[in-house]
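Engineer: Take a look at the letters that make up each chain.
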Amino acid sequence: MSMTEREQVPPAPEPEGSPGQADGRRNMMAATRRYAEKYWPYSRLLPSDEPSYVTKMFYMWGSLALVAFVMLILSGCILVFKGIYWDHTSKWGLFFNSVHFWSCQIFFFGIFVHFGSSFFTAAWRGGRGFTWLFGALAFFTAILTGLTGYVLQSNYDGQWIGQQAKDAMNAVGLGGLLNLMNLDVVTGWHIVLLPLGVALFLAAHLMWVRRHGVVPPFPPEGMSFEGAPEPSGPAKAEAGSSPHAGFEPIDSDQRGQP
Amino acid sequence: MSRGPATWKSSDVAWAGSRRPYDLVKEIIQWFVVLIIAIPVIAWVFASPDPPPVTFKAWAQQSPKDFINTTLSEVNKTSLSATYGPPYESAPGASTQGWGFFSPERWFGAYLALNTYTDFVAKPLSTASNYTAQVSPALSAWSAASSSQQTSWSKAFQSALKNAPFTGGAYDVPAGSYGPLGTILSAQYALARSGGLDNAFDANETNPTIWFSNDQTWPMLYFGDSGQGGGGPDCTSAEPKQQNRISPTQKLPKGYGCWYYNQAVINASPRYAGYLAGSTWGITNEVGNFPGAWWLVPYTIWYQFGPGLTSQSADLIAMLLTGAVSLPFLFLPWIPGLRDIPKFTRVYKLMWSDYYKSVQRQQHPQPVPAPRTAGSDARRTS
Numbered sequence: 014m015s016m017t018e019r020e021q022v023p024p025a026p027e028p029e030g031s032p033g034q035a036d037g038r039r040n041m042m043a044a045t046r047r048y049a050e051k052y053w054p055y056s057r058l059l060p061s062d063e064p065s066y067v068t069k070m071f072y073m074w075g076s077l078a079l080v081a082f083v084m085l086i087l088s089g090c091i092l093v094f095k096g097i098y099w100d101h102t103s104k105w106g107l108f109f110n111s112v113h114f115w116s117c118q119i120f121f122f123g124i125f126v127h128f129g130s131s132f133f134t135a136a137w138r139g140g141r142g143f144t145w146l147f148g149a150l151a152f153f154t155a156i157l158t159g160l161t162g163y164v165l166q167s168n169y170d171g172q173w174i175g176q177q178a179k180d181a182m183n184a185v186g187l188g189g190l191l192n193l194m195n196l197d198v199v200t201g202w203h204i205v206l207l208p209l210g211v212a213l214f215l216a217a218h219l220m221w222v223r224r225h226g227v228v229p230p231f232p233p234e235g236m237s238f239e240g241a242p243e244p245s246g247p248a249k250a251e252a253g254s255s256p257h258a259g260f261e262p263i264d265s266d267q268r269g270q271p
Numbered sequence: 016m017s018r019g020p021a022t023w024k025s026s027d028v029a030w031a032g033s034r035r036p037y038d039l040v041k042e043i044i045q046w047f048v049v050l051i052i053a054i055p056v057i058a059w060v061f062a063s064p065d066p067p068p069v070t071f072k073a074w075a076q077q078s079p080k081d082f083i084n085t086t087l088s089e090v091n092k093t094s095l096s097a098t099y100g101p102p103y104e105s106a107p108g109a110s111t112q113g114w115g116f117f118s119p120e121r122w123f124g125a126y127l128a129l130n131t132y133t134d135f136v137a138k139p140l141s142t143a144s145n146y147t148a149q150v151s152p153a154l155s156a157w158s159a160a161s162s163s164q165q166t167s168w169s170k171a172f173q174s175a176l177k178n179a180p181f182t183g184g185a186y187d188v189p190a191g192s193y194g195p196l197g198t199i200l201s202a203q204y205a206l207a208r209s210g211g212l213d214n215a216f217d218a219n220e221t222n223p224t225i226w227f228s229n230d231q232t233w234p235m236l237y238f239g240d241s242g243q244g245g246g247g248p249d250c251t252s253a254e255p256k257q258q259n260r261i262s263p264t265q266k267l268p269k270g271y272g273c274w275y276y277n278q279a280v281i282n283a284s285p286r287y288a289g290y291l292a293g294s295t296w297g298i299t300n301e302v303g304n305f306p307g308a309w310w311l312v313p314y315t316i317w318y319q320f321g322p323g324l325t326s327q328s329a330d331l332i333a334m335l336l337t338g339a340v341s342l343p344f345l346f347l348p349w350i351p352g353l354r355d356i357p358k359f360t361r362v363y364k365l366m367w368s369d370y371y372k373s374v375q376r377q378q379h380p381q382p383v384p385a386p387r388t389a390g391s392d393a394r395r396t397s
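Chains as they are written, first to last, in my numbering: chain E, 14 to 271; chain L, 16 to 397.
So that you can see chain E by itself, here it is in the shape it has in the complex (with noise of 0.2 Å):
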């Protein structure tokens, strides 16, 4: 069989009681799994390949603040486990505060490369404006949990930080909900707040780098895209066969979004 002979032949007909098959327009599940499988098609969420122009090394550094973010975690829980003053009693104690400090300097460290080579390759572009945006707030939100961190060494250093942080926000008004100087409150805003604020920042932003897919580089000079042919699909791999031919117009429902 041919395959336009195949592509004629109906679908068979789905089992009585297949899953999926009452889905109406209003059914909230069903419009939520159209647009899951519409942006994140099982090619585009666990991808095997990337486009050609990803060869560099700065393509890496989001990923070394993912695993930093992980280390953070397993040594935070470490952490929990004996409490907060472990590190003060036990060489063990501060060894585990140790690696979740370090780990933290490197997840920041981490970000901050991301940030500086998603901003020079302007990132953004192409529907990517969320990507962005989620990622900041992933940024924004592990400041908190640092600060909170911080404080919450409880020594001298807890001490002075929270001392002097608290001022600033008693000025905006936030010293009700974020005192920084109970370590009963900073204690739950940094181990389950806030970590899992940045968490969630963090998954979106991930699942919106895979939505859009790695931002292409910025067209070559002399090159122009009006009248470029319209897209096939989504997962239209290879074609083309020269580095020009990858430009296309996005879908119609992305246009107009940075």
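DSS-like cross-link-like pairs, simulated, lysine-lysine; straight-line CA separation at most 25 Å:
| hint | chain 1 | residue 1 | chain 2 | residue 2 |
| --- | --- | --- | --- | --- |
| 1 | L | Lys-138 | L | Lys-170 |
| 2 | L | Lys-80 | L | Lys-177 |
| 3 | E | Lys-69 | L | Lys-41 |
| 4 | L | Lys-372 | E | Lys-69 |
| 5 | L | Lys-92 | L | Lys-72 |
| 6 | L | Lys-358 | E | Lys-69 |
| 7 | L | Lys-364 | E | Lys-69 |
| 8 | L | Lys-138 | L | Lys-72 |
| 9 | L | Lys-72 | L | Lys-177 |
No lab work stands behind these hints: they were computed from the structure.
Keep in mind it's a predicted model, so treat the numbers as computed, not measured.
Assemble chain L onto chain E, guided by the hints.
Structural biologist: Frame of chain E, contents of chain L only:
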């Protein structure tokens, strides 16, 4: 694909060209292997900062006059904390940050209501061994006195304290008309020197209903008031060179040179010879040689060069300016002009050099040399 002048409408393009194999799982695992080895090694070799916390016991022992002066300012409610304003006080004269209606501090009121006399002195003193016999009557006398009487006593005590000799922890304030202050302050001083004041705050003996509390708000505000009572002869900077590090146009932090700020000086050595105060990049620094929270530079920079350095609303100005920078950063992709910066810097040319080289090769293919043969070589040389 049509050709023509570059339009830079690259925000409307998506890649549908050739792809190359890329294993993200492998990349993650590789980083994980690197970090699971590197971070424990770094942690083991360099450890992490753990300067011991300061205590009232150390304060009273190391800088007794500053402690007593500061405590006096808590009793007569002239300290920084007593005049801070919201969220600790709502008194009309209390200081607040803001301008007119725009004062977020005031919007939420005194939700952490503080009475420095009661919370810092009277309640902890109720745990003193001589409370019933001596301290309680003195506190009652202080409370019953008029405001002018309290001021008069305070001035008299401060004057007498300047010349009081301290020998082995004991001090002898010359007799004077300072009413019950002598009893109250010597009791608080003794309580602090014995460690009892730390315990009174830590264990919340004054409020057993929150025995489990880990709230250090009051003791940390008390520490921060160090030097606020007018200081004393022992309020001298632990780092003489520090004076030169601060611009003459900048206001010195309150309490500068007194015990609590000196702890910042001592703990920040040797890397910064100094200081963790806001005017010298504050919490972006770290004690000793450890890297600090350098990612806070976009916030702490306003305390170095901002317009509100000498303003009473310095913190609010710093936060507003941080917000003013943060919002464009968040919404950069939607802001014309800002989002075009990368296009003009052309750093991307370097970052995608492989790609642009390949484009150049496509546009200007080099002539492929003819394969060398014995015959052709012979013709060229003939």
